[in-house]
Structures are given as structure tokens and as C-alpha cells.
Amino acid sequence: MNGNTNNTGDQTNYRAVRFGLASTLLGNGYFGFDFGTKSHAQLWQYDEYGAFLGDPKGTREDVLFPENKYLKKSVWERDFSNGKVLVNATDTIQTVRLDGEYEKLHGTQDPIVNNGAIISRVTLNAKDGLLLLRPLENVSNASHLHVCLMELDRQNEQAFLPMMPDIEAVNRSYTQILMQMDQKKPLLQIKRT
1 MNGNTNNTGD QTNYRAVRFG LASTLLGNGY FGFDFGTKSH AQLWQYDEYG
51 AFLGDPKGTR EDVLFPENKY LKKSVWERDF SNGKVLVNAT DTIQTVRLDG
101 EYEKLHGTQD PIVNNGAIIS RVTLNAKDGL LLLRPLENVS NASHLHVCLM
151 ELDRQNEQAF LPMMPDIEAV NRSYTQILMQ MDQKKPLLQI KRT
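Start counting the sequence shown at 1; every next residue gets the next number (our numbering).
Just so you know, these hints were derived from the structure itself, not from any lab. The reader is advised that the hints may include incorrect statements.
[Stated by the list, open to error] Straight line, CA to CA, 16 Å or less: simulated EDC-like cross-link-like pairs of lysine to aspartate or glutamate: (1) Lys104 / Asp79; (2) Lys72 / Glu61; (3) Lys127 / Asp62; (4) Lys127 / Asp91; (5) Lys38 / Asp10; (6) Lys73 / Asp91; (7) Lys57 / Asp79; (8) Lys104 / Asp62; (9) Lys73 / Glu61; (10) Lys57 / Asp34; (11) Lys69 / Asp55; (12) Lys127 / Glu77; (13) Lys104 / Glu77.
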């Protein structure tokens with residue numbers, strides 16, 4: 001599925017990105033968001049692209065009309081091993097009670113929506129979507145866990161991953177030090193005991 005800015009170049013239409021990506025995740029598709037019919041050359045990145053939802057745990061479900069199996073204007077959800085996707089395909093704001101606690105993404109592009117809050121219900125704007133994560137203690141049967149250290153180049157406003165060892169590497173006596181970005185002081189040390 002391809003979402004776009006209708007040739008305006010407004011890459012900050014985060015609601016359109018969330019709606020398109022979450023709608024795509026209701027099925028088994030691929031998603032991209034770009035300029036529009038005049039250009040598909042953009043490689044814009046969004047907070048939601050980094051969400052590790054895991055494997056789907058079933059098919060999409062209609063939240064407002066649970067017996068319905070056909071796509072229509074409604075609120076839809078799909079569960080994943082590490083989270084949940086919600087889509088409000090209606091023309092009105094909808095509030096959804098969740099089946100437990102979930103964590104909103106920790107984002108920088110739309111921090112009002114992706115504020116890292118732990119929630120058990122959520123209000124979705126019309127034509128919006130949301131990716132939610134299960135709190136870490138609720139993630140089970142994950143195939144593997146990665147430790148990710150990200151360095152931030154504040155001058156160039158870029159982030160890069162200098163290393164991404166898996167948990168087995170950490171257990172082999174690796175000592176990893178996370179540095180506080182501004183002061184370069186040790187913030188957390190992980191080592192085998």
C-alpha cells in the first residue's frame with residue numbers, strides 16, 4: 001500500500017502515515033509513504049517504522065461490531081505477539097477499551113500521540129491508526145531479544161547503530177555501557193554476574 005502527500009510534500013502528516021501503515025498491518029501487506037504521483041523517490045522515516053510488533057496472532061477484528069468479518073467503516077484491531085494495531089476507519093472520534101495495558105510508542109515526530117504512556121483505553125481520531133506495544137513484562141514466547149545501543153549525532157540530527165548484539169552475546173560476558181548523550185557519562189552498565 002502506498003500512502004502519499006497528494007503531491008504537497010508535507011511529510012509531517014503523521015495521522016495519514018499512521019492510518020496507512022496500521023491499515024496495511026490489518027492484512028499482510030507492505031507500506032510506504034511518499035510525495036505522490038509526481039515522485040516516489042522519498043525515503044522518509046517515521047517513528048512507527050521502528051516498532052517491533054512481532055508476528056501476527058490472528059486476523060483483523062471489528063471492535064465496534066465483533067460479528068462483522070467484512071471491511072467497512074469501523075474500528076479495527078489486530079493482535080501481534082508484541083503489540084496491537086488499531087485503525088479508526090470511521091469519520092468520528094472513537095474511544096476503545098483495550099484488553100489489557102499497552103504502551104504507546106516513544107516517538108519524537110508526534111509526541112502527543114507517541115508519548116510512551118501505558119494505557120488501557122485509547123481515543124482515536126477519525127481516519128487514524130495506532131501501533132501499541134505490550135509492556136515488556138507481558139511479552140512472552142519471543143524468539144529472541146536484541147540489545148540495541150544507539151548513538152545520536154546531535155549536530156547532524158542523525159542516529160546510527162554502532163552495534164546490535166543479541167542477548168547471547170551479552171551473556172558471553174560483554175560489558176555494554178550506555179552513555180548519557182549530552183554528558184558522555186555512564187548511565188547504565190550491563191554485565192554478567
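Violated constraints from the hint list, given by number and in increasing order: Numbers 8, 10 and 11 - these are the hints that the structure violates, sorted from lowest upward.
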